[in-house]
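First to last, the protein sequences are chains F and G.
Okay, so the first sequence: first residue is 45 according to UniProt numbering, each after it adds one.
Okay, so the second sequence: first residue is 1 according to UniProt numbering, each after it adds one.
By construction, these hints were calculated from the structure, which means they are not laboratory data.
Keep in mind that a hint or two might mislead.
[Stated by the list, open to error] Below, simulated DSS-like cross-link-like pairs (lysine-lysine); rule was C-alpha separation at most 27 Å, straight line:
no. : chain 1 : residue 1 : chain 2 : residue 2
1   : F       : K250      : G       : K21
2   : F       : K312      : G       : K121
3   : F       : K250      : G       : K178
4   : F       : K287      : G       : K21
5   : F       : K287      : G       : K206
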Amino acid sequence: AAPLTAAKSAFSTDEKPTSREDVTSYNNFYEFGTGKDDPAARAKSLKTSPWTVKVDGLVGKPAEFGIEDLIKSSALEERIYRMRCVEGWSMVIPWVGFPMADLVKRVEPLGSAKYVAFETAYRPEEMPGVQSVFPVLDWPYVEGLRLDEAMHPLTILAVGLYGETLPNQNGAPIRLVVPWKYGFKGIKSITRISFVEKQPETSWNKQAPDEYGFYANVNPNVDHPRWSQATERRIGEGGLFVKRRPTLPFNGYADQVASLYAGMDLRKFY
Amino acid sequence: MTGKASAPGAGKGLALPQVPKIAVYLVGFIPAVWLFSAGIMDRLGADPMRVLEQELGEWALRFLVATLAITPLRQLFNINLLRYRRAIGLLSFYYAALHLTTYLVLDQGLDLAAIAADIVKRPYITIGMATFAILVPLAVTSNNASIRRMGGQAWARLHRLVYAAAIGAVLHYILVVKSWPPEPLVYAAIVALLLGYRLVRSMVKKAAPRRRPA
Numbered sequence: 045a046a047p048l049t050a051a052k053s054a055f056s057t058d059e060k061p062t063s064r065e066d067v068t069s070y071n072n073f074y075e076f077g078t079g080k081d082d083p084a085a086r087a088k089s090l091k092t093s094p095w096t097v098k099v100d101g102l103v104g105k106p107a108e109f110g111i112e113d114l115i116k117s118s119a120l121e122e123r124i125y126r127m128r129c130v131e132g133w134s135m136v137i138p139w140v141g142f143p144m145a146d147l148v149k150r151v152e153p154l155g156s157a158k159y160v161a162f163e164t165a166y167r168p169e170e171m172p173g174v175q176s177v178f179p180v181l182d183w184p185y186v187e188g189l190r191l192d193e194a195m196h197p198l199t200i201l202a203v204g205l206y207g208e209t210l211p212n213q214n215g216a217p218i219r220l221v222v223p224w225k226y227g228f229k230g231i232k233s234i235t236r237i238s239f240v241e242k243q244p245e246t247s248w249n250k251q252a253p254d255e256y257g258f259y260a261n262v263n264p265n266v267d268h269p270r271w272s273q274a275t276e277r278r279i280g281e282g283g284l285f286v287k288r289r290p291t292l293p294f295n296g297y298a299d300q301v302a303s304l305y306a307g308m309d310l311r312k313f314y
Numbered sequence: 001m002t003g004k005a006s007a008p009g010a011g012k013g014l015a016l017p018q019v020p021k022i023a024v025y026l027v028g029f030i031p032a033v034w035l036f037s038a039g040i041m042d043r044l045g046a047d048p049m050r051v052l053e054q055e056l057g058e059w060a061l062r063f064l065v066a067t068l069a070i071t072p073l074r075q076l077f078n079i080n081l082l083r084y085r086r087a088i089g090l091l092s093f094y095y096a097a098l099h100l101t102t103y104l105v106l107d108q109g110l111d112l113a114a115i116a117a118d119i120v121k122r123p124y125i126t127i128g129m130a131t132f133a134i135l136v137p138l139a140v141t142s143n144n145a146s147i148r149r150m151g152g153q154a155w156a157r158l159h160r161l162v163y164a165a166a167i168g169a170v171l172h173y174i175l176v177v178k179s180w181p182p183e184p185l186v187y188a189a190i191v192a193l194l195l196g197y198r199l200v201r202s203m204v205k206k207a208a209p210r211r212r213p214a
């Protein structure tokens, strides 16, 4: 992991960050296995250099960005965000990244572009979970945002954490971070970003449409069909005797983002 | 916990070295002691409560599967572990009880409203609770006095509930995970095999005339 220089941001929370050890050893990255410690143990096999991110679709200036150029040409910020996993646990993570909106502006989306589709690298030879005899998901992993969600100042493309480039298990070299949504929206190791007219398919929604919606906004009032979303366990807090804390609407970012969903039935668009 | 109770020590088959049953309990509790002490010393990773909870549940299922394997092992491979079956079955119950206690105390912090809502609204919790409820009468009657009092046939009939418990335990596991990771499916396959074996055997027996009533 190489050091990164990043400016502080007013969007950061002042909550205590989860330890680097926990952030980098407790991960969901099913391309490397379904166990929480699988990604840390097995993601070393992912070759993150050279790496290009292809940006295409309904844009005036389609481009392929080499990751080093993208990092060099972006104004990096530290964003300390809460991260709430759909499984009921949470962390506070000091990301380093740049606003997704910066990238959007560079490629000049056309008026017809309404959504942004993201795709993770698909490399069976480097991803043991993808070769599994029990395929957990339909690879490659895909995610999506509405264009206004992608343009929101809280939405970032992260290239580092704790002041250094991303460890592979956290989605190196570049990943999405949308702090008001469940963690699975934060697609890792992105190779392609496409601007599209229709709502794109998303991996977990394809896998279980009644359990994981396109929006996946953190919402304590809409339970997962199989478990409650009302509370969460903050990783690193209390160890064996961890206390549950209430989950906040939009993961505590309601003031900034609730207006994006004005008039929408959040039970229907979960 | 199943089928015909044979007289202790009258087992046919391989002459296995006999270890005292207390040794089964002592060895059986090693994972629990290890898990609790590792948890207290903060050596169960980032989410120690969840690891403790899941591991205790998985050990309960492992011992349940081991209990169910004893009859096929004897009938198919002449390996007689019948004298340890009660201890292994009780270990499954004890681990289920520890798993449940961890859920109630450490996971839910004894929040009775949240627990009640879970039982009513969450099928995996409903099934888990029902499975534990099934194991209770089996554990309570896992002693010679109960067999004498109930009579061998009634006791055996009651203990066939272990099949329902095994199905419940596997369903509980499958329903708690996201997607289809291999572990719960492997347990489901093993339980299906162990129960399927009994079903096939009982059908074959019904088809063939019985030599004498059971």
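Hint check:
1. F/K250 <-> G/K21: With Cα atoms ~51 Å apart, F/K250 and G/K21 exceed 27 Å; violated.
2. F/K312 <-> G/K121: holds (19 Å)
3. F/K250 <-> G/K178: holds (13 Å)
4. F/K287 <-> G/K21: With Cα atoms ~39 Å apart, F/K287 and G/K21 exceed 27 Å; violated.
5. F/K287 <-> G/K206: violated (55 Å)
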